[in-house]
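Participant: Letter by letter, the chains look like this.
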Amino acid sequence: MARIELESLQKEFGETVAVNDISLSVPDGEFLVLVGPSGCGKSTLLRTISGLESQTSGDISIGDNRVTNVEPKDRGVAMVFQDYALYPHMTARRNMTFGLDSHVSMSDDEIEQAVQDVGETLGIGDLLDRTPDALSGGEKQRVAMGRALLREPDVFLLDEPLSNLDAKLRDQMRAELTQLHERIGTTTIYVTHDQTEAMTLGDRVAVMNDGEIEQVESPQVLYDEPASRFVAEFIGSPQMNFLPVDVEGRSRPTVTTLQRHLTSPFPTPNETSLPATDNAVLGVRPEDLYLAQETEDDSFAGPVEMTVTLHETLGDSVVLHGTVANERIRIRTSQRPNVTAGDTIRVVVDPTRLHLFDSDGDTLAHAAEKMVQTV
Amino acid sequence: MPDVSIVPDTVNERLLTTTGDSQLATHAALWLIISVLILPIALAAVYSTQTTNAVYQITNVFPGSALVENYTTVLFEYNFGQYMWNSFVMATVVIVGKLVFSLLAATALVYYDFRFQSLIFYAILFTLLMPLPVRIVPLYQLMADIGWLNSFAGLTSPFIASATAVFLFRQQFRSIPASVVETAKLDGIGPIQFLINVLIPMSKGMIAGVTAIMFISTWNAYLWPLVAIIDRTNQVAQVGLRYIQGTGAEGFVQWNLVMAAGILVLIPPLIVLLVARRYLLSTLGGGE
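Just so you know, the protein sequences line up as chains L and S, in that order. For the first sequence, the working numbering gives the first residue as 103, with consecutive numbering after it. For the second sequence, the working numbering gives the first residue as 4, with consecutive numbering after it.
Take these hints with a grain of salt, some might be off.
[Claimed, not checked] Quick look at which bits of chain S chain L covers, simulated, 3 or more residues with Cβ under 8 Å: (1) 187-193; (2) 197-210.
[To be verified] For the chain S half of the interface with chain L, some residues (derived, Cβ under 10 Å), not all of them: (3) 139; (4) 180; (5) 181; (6) 182.
[What the hints assert, rightly or not] From the derived model, a few chain L residues whose C-beta atoms are all more than 12 Å from chain S: (7) 188; (8) 208; (9) 222; (10) 241; (11) 267; (12) 298; (13) 393; (14) 399.
Simulated from the structure, these hints should not be mistaken for laboratory data. In this text the structure is predicted, and so the values were computed from the model without any measurement. Using N, Cα and C, we set each Cβ at its ideal position, and we do this for glycine too.
Using the sequences and the hints given, assemble the complete structure.
Facilitator: In structure tokens:
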């Protein structure tokens with residue numbers, strides 16, 4: 103049980119800044135996911151917390167201890183790697199117990215019992231005497247998890263543990279990880295590049311870009327109120343549409359986009375005005391655009407006519423790619439419209455789901471959830 | 004560990020499945036090559052059974068009657084048993100020393116992350132460019148200065164550092180995923196414990212192969228023992244062979260005895276090769 107505090111953590115490899123001045127607080131028992139594209143520094147950050155990499159500057163605390171310059175084995179962390187990192191010549195049981203004595207002091211009988219318990223918990227109780235080459239990928243990862251569990255660490259550090267598994271197994275393991283965390287409640291930092299894993303697993307998700315944390319929030323807030331265009335792009339599939347926009351910033355602001363084909367109100371809390379800017383970008387998620395025929399909500403803005411260029415079926419929904427006034431947009435609809443490339447459809451937008459970004463990619467405003475009615 | 008014995012099997016299958024003339028030609032070529040390789044050894048074996056006079060009859064290539072006599076003479080009268088024992092002790096000590104030093108060096112190169120790591124590695128490799136004949140004079144001087152000439156320490160110590168072994172072990176260890184090393188570090192497993200419990204068990208085949216190669220090369224050492232050992236009773240088999248050649252009375256060499264000793268000196272490496280052949284395939288074949 104321990105919280106993790108990072109203070110101005112910096113990690114440089116020569117000229118490259120892998121982790122840039124990160125300060126982060128992870129409360130006791132939280133499941134925090136670090137997510138970002140390859141090379142964003144998420145793994146380096148995790149490895150710096152574990153002590154496998156030494157920081158260039160800054161401080162790391164785990165629980166009440168400052169561990170900045172403490173050996174990895176004395177930090178109270180257990181790590182799980184993408185490639186499982188099992189010793190190929192040892193049985194699953196030996197893999198779990200080898201090196202255990204530096205973490206916990208138990209008698210042989212107690213260790214035997216603990217291994218058996220952990221094995222049962224993870225559903226590998228029958229496989230403990232097998233060597234890794236006789237285990238499947240999922241089983242190997244369970245052994246690696248078991249090894250971490252057995253160490254009773256203050257903090258779990260998981261580095262893309264599911265990335266080597268096939269999609270079906272990944273879904274299953276994801277659910278099991280959540281249940282496991284609910285049961286044992288150990289503070290966990292989980293690195294992944296997969297936004298689905300990030301959204302489903304994390305109490306909070308930290309989106310990293312270029313060595314910095316762009317935003318740390320609960321998955322829903324991340325989706326609803328991305329702090330930057332990068333976060334808005336990274337979270338959500340298919341990707342958010344970004345359109346050049348004119349903003350009328352007075353009370354009851356409006357946005358005009360798509361070569362003046364679409365004007366929408368941009369509801370703000372208490373009708374505050376928006377900062378005047380002429381090079382903002384409007385963000386709207388494909389799932390917040392609707393076919394005109396599927397809604398009768400007259401608060402929706404539009405319609406605009408979109409020429410379909412591509413039709414992607416996802417089973418439960420359809421993604422339509424198309425152009426409106428030479429701007430490319432994507433819409434995702436749970437309707438199953440019978441359209442093909444070249445057809446024209448009429449699209450409306452939910453004004454309460456709009457986002458505004460400035461030209462640097464910072465968020466200017468999110469549309470308020472409900473339009474405030476003035477009397 | 005994967006079963007490497009499938010390699011010769013596939014070669015056999017390929018030979019068996021080729022048909023007609025090309026198969027005949029292949030077999031003929033193989034027999035020719037094998038004959039060329041075996042002929043000197045076969046002749047040596049035959050001569051080692053003949054009397055000295057019979058050896059000098061150049062057309063006499065049939066086994067003679069002096070087999071037991073030749074071998075007992077060589078082993079006991081000419082002390083060849085002692086020389087072979089000396090060789091064996093030297094090879095064993097050198098191999099143990101080489102394994103200890105090169106395994107430790109390779110572990111340090113893989114386990115630790117330190118400055119000038121690759122520079123040090125290349126410096127070790129660079130010593131390959133300096134074979135014994137090149138440095139024999141300064142080496143002799145060094146041994147003379149520290150008083151190790153004509154001693155077992157002087158005989159074995161120059162062989163104990165091995166760039167080849169360090170290189171082979173380092174490559175082998177590097178094929179082990181970094182995350183395995185890191186897991187060990189997170190568990191506070193030190194480099195020696197890691198070497199003994201992880202690296203060595205994971206590299207058994209490579210170690211066996213390297214041991215075989217090192218045994219044969221040490222067993223065949225001639226130049227350094229020749230200069231480093233003066234006292235005949237401490238001399239090794241390869242130089243002992245030379246002694247027998249030099250003892251021929253009345254100006255002619257007792258080739259039958261030389262050949263008998265030559266056959267004897269071939270036996271230990273042959274045993275080692277037979278025992279370690281499956282590991283050698285993986286060692287020399289570029290990893291397991």
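Participant: Confirm or reject each hint.
Facilitator: Each hint tested on the structure:
Restraint check on the region 187-193 of chain S versus chain L: 6 residues with Cβ-Cβ distances below 8 Å, three needed, restraint holds. Coverage of the region 197-210 of chain S by chain L holds in this model, with 4 residues showing a Cβ closer than 8 Å to a Cβ of that chain against a need of three. Taking 10 Å as the C-beta cut-off, the interface hint given for residue 139(S) is violated, the closest approach to chain L being about 42 Å. This hint holds: residue 180(S) has a C-beta 5 Å from the nearest C-beta of chain L, less than the 10 Å allowed.
The interface hint given for residue 181(S) is met, as the beta carbon of that residue sits about 9 Å from the closest beta carbon of chain L, less than 10 Å. Of the supplied interface hints, the one on residue 182(S) holds, with its beta-carbon coming within about 4 Å of a beta-carbon of chain L, less than 10 Å. Some Cβ of chain S comes within 12 Å of the Cβ of residue 188(L); the nearest lies about 8 Å off, and the non-interface call is violated. With 12 Å as the threshold on Cβ separation, the claim that residue 208(L) sits away from chain S holds: the shortest Cβ distance comes to roughly 15 Å.
Remark: the non-interface label on residue 222(L) is consistent with the geometry, its nearest Cβ contact in chain S lying 23 Å away (cut-off 12 Å). Distance to chain S confirms residue 241(L) as a non-interface residue, since its nearest Cβ pair spans about 17 Å, more than 12 Å. Consistency note on residue 267(L): stated as away from chain S, and its beta-carbon is indeed over 12 Å from all of that chain's, at 16 Å minimum. Chain S leaves residue 298(L) outside its interface by the beta-carbon criterion, the shortest separation being 24 Å against a cut-off of 12 Å.
Every beta carbon of chain S lies more than 12 Å from that of residue 393(L), the smallest distance being close to 49 Å; the non-interface claim holds. Annotated as non-interface, residue 399(L) keeps its C-beta farther than 12 Å from every C-beta of chain S; the closest such distance is 52 Å.
Of the numbered hints given earlier, the model fails hints 3 and 7; all others are met.
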